[in-house]
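Novice: Note that the protein sequences, when read in sequence, are chains A and B.
Numbering of the first sequence is given in our numbering, commencing with residue 1 and proceeding in unit increments.
Numbering of the second sequence is given in our numbering, commencing with residue 193 and proceeding in unit increments.
Bear in mind the hints are in silico, worked out from the structure with no lab data behind them.
Every residue, glycine too, gets a C-beta built ideally from N, C-alpha and C.
Don't take each hint at face value.
Said to hold, decoys possible - Stretch by stretch, here's where chain B covers chain A in the computed footprint (C-beta under 8 Å, at least three residues):
| hint | segment |
| --- | --- |
| 1 | 91-101 |
| 2 | 142-152 |
What the hints assert, rightly or not - Residues on chain A that point at chain B, a partial pick, calculated with CB under 7 Å:
| hint | residue |
| --- | --- |
| 3 | I22 |
| 4 | L24 |
| 5 | T35 |
| 6 | H60 |
| 7 | N63 |
| 8 | G66 |
| 9 | L186 |
| 10 | E188 |
As the list claims (entries may be wrong) - Pairs of lysine-lysine, BS3-like flavour, derived with a Cα cap of 27 Å:
| hint | chain 1 | residue 1 | chain 2 | residue 2 |
| --- | --- | --- | --- | --- |
| 11 | B | K242 | B | K281 |
| 12 | A | K56 | A | K83 |
| 13 | A | K117 | B | K269 |
| 14 | B | K290 | A | K110 |
| 15 | A | K124 | A | K107 |
| 16 | A | K155 | B | K290 |
| 17 | A | K151 | A | K121 |
| 18 | B | K290 | B | K270 |
| 19 | A | K121 | B | K242 |
| 20 | A | K78 | A | K48 |
| 21 | A | K124 | B | K284 |
| 22 | A | K117 | B | K270 |
| 23 | A | K78 | A | K121 |
| 24 | A | K56 | A | K8 |
| 25 | B | K261 | A | K56 |
| 26 | A | K151 | B | K273 |
| 27 | B | K273 | A | K136 |
| 28 | B | K269 | A | K155 |
| 29 | B | K270 | A | K124 |
| 30 | A | K161 | B | K325 |
| 31 | A | K107 | A | K97 |
| 32 | A | K8 | A | K48 |
| 33 | B | K269 | A | K121 |
| 34 | B | K284 | A | K48 |
| 35 | A | K110 | A | K124 |
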Amino acid sequence: MSTSKIKKYGLACLSVGVVLGIILWGGFNWSMELTNNEQFCISCHEMKDNVYQEYKTTVHYSNRSGVRATCPDCHVPKEWIHKVIRKIRASNELYHKVMGTIDTREKFEKHRLELAKHVWKTMKETDSRECRNCHKYDYMDYPSQGRRAIKQHMKGFDEGKTCIDCHKGIAHELPDMSEIDPSATLLEHGAQ
Amino acid sequence: MKMQAMLKMVLLGGALVCTTQVLANHVQSLRGDSDLTEDTMAPEVKYYNKDGLPLDRDYVQQPPLIPHKIDGYRITKKHNKCLSCHSWKNYKRMNATKISQTHFESRDGLVLANVSARRYFCVQCHVPQTNAKPLVENEFQPVEILRH
Chain A
1 MSTSKIKKYG
11 LACLSVGVVL
21 GIILWGGFNW
31 SMELTNNEQF
41 CISCHEMKDN
51 VYQEYKTTVH
61 YSNRSGVRAT
71 CPDCHVPKEW
81 IHKVIRKIRA
91 SNELYHKVMG
101 TIDTREKFEK
111 HRLELAKHVW
121 KTMKETDSRE
131 CRNCHKYDYM
141 DYPSQGRRAI
151 KQHMKGFDEG
161 KTCIDCHKGI
171 AHELPDMSEI
181 DPSATLLEHG
191 AQ
Chain B
193 MKMQAMLKMV
203 LLGGALVCTT
213 QVLANHVQSL
223 RGDSDLTEDT
233 MAPEVKYYNK
243 DGLPLDRDYV
253 QQPPLIPHKI
263 DGYRITKKHN
273 KCLSCHSWKN
283 YKRMNATKIS
293 QTHFESRDGL
303 VLANVSARRY
313 FCVQCHVPQT
323 NAKPLVENEF
333 QPVEILRH
């Protein structure tokens, strides 16, 4: 083969590679986008009949400004690498979908504490990164917040607390909390 | 005889129509004067007061009023958002008022180790305030000891 032929082949291979790469890459990102919206999340009744119904009554669904936070806004990271990791972990959800782990309200409630704990742990580890995509405390105008919010925010951030430490149950009903904080439940421990 | 009965019926019917007409035109309530057959203006929206300091009580046994917003706070069998600040375990950290000792008593006067079911649903007795004007003048005076 002459050098010019090698060059030609090389170029052809390269361009096929590039085109393939673009298609695969695009397809990959496309599928990530396709699965990154509320419609997709609530295509499973496990999500639609439980958490979605509850979320619809909260401030992140309807508020005076009309800005909505959807499921992926709080549950799927924005940065690419974190997003890929979350998506891979989400294949676990497919497994449990097939197994019917939470396919009734009763089963969902039974598993809820465990699921919530996963979410809390993730948010704690990321310093509530997804919340802070929208709410940045550097831009919080304390004087326009309520009395309780100002006090707790200034104190809380000084002590290194993060949003989820204080704002559990912001979008969904909470699980049975008698294990986490019995003083805020109906549990009558030690009572007759 | 027949004529008389007919006449009576007609008169009665007429009277009935008239009175319902009169009544319909003058349905009067504390919330305003409006014709039953007409659409009325939606009442003005009332706003909850902003977070503030605890409000004064007017009598000794009064359940204190809620001096802040409670929109979106849920009280369910599984969790009570109010108690996440007002329980004896949480009140100090959250700078809140703690619930009264009476809230631990069962119906039979037993003292329980946690809040009693009969006091669990806070908003049965405690309410936040809005900017609504009272519909009638209130001349209630606090008892002597609370007036000063």
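Novice: May I ask which of the numbered hints given earlier this structure violates, with the numbers listed in increasing order?
Specialist: When the structure is compared with the hints, numbers 1, 3, 4, 5, 6, 7, 8, 14, 19, 24, 28, 30, 32, 34 turn out to be violated.
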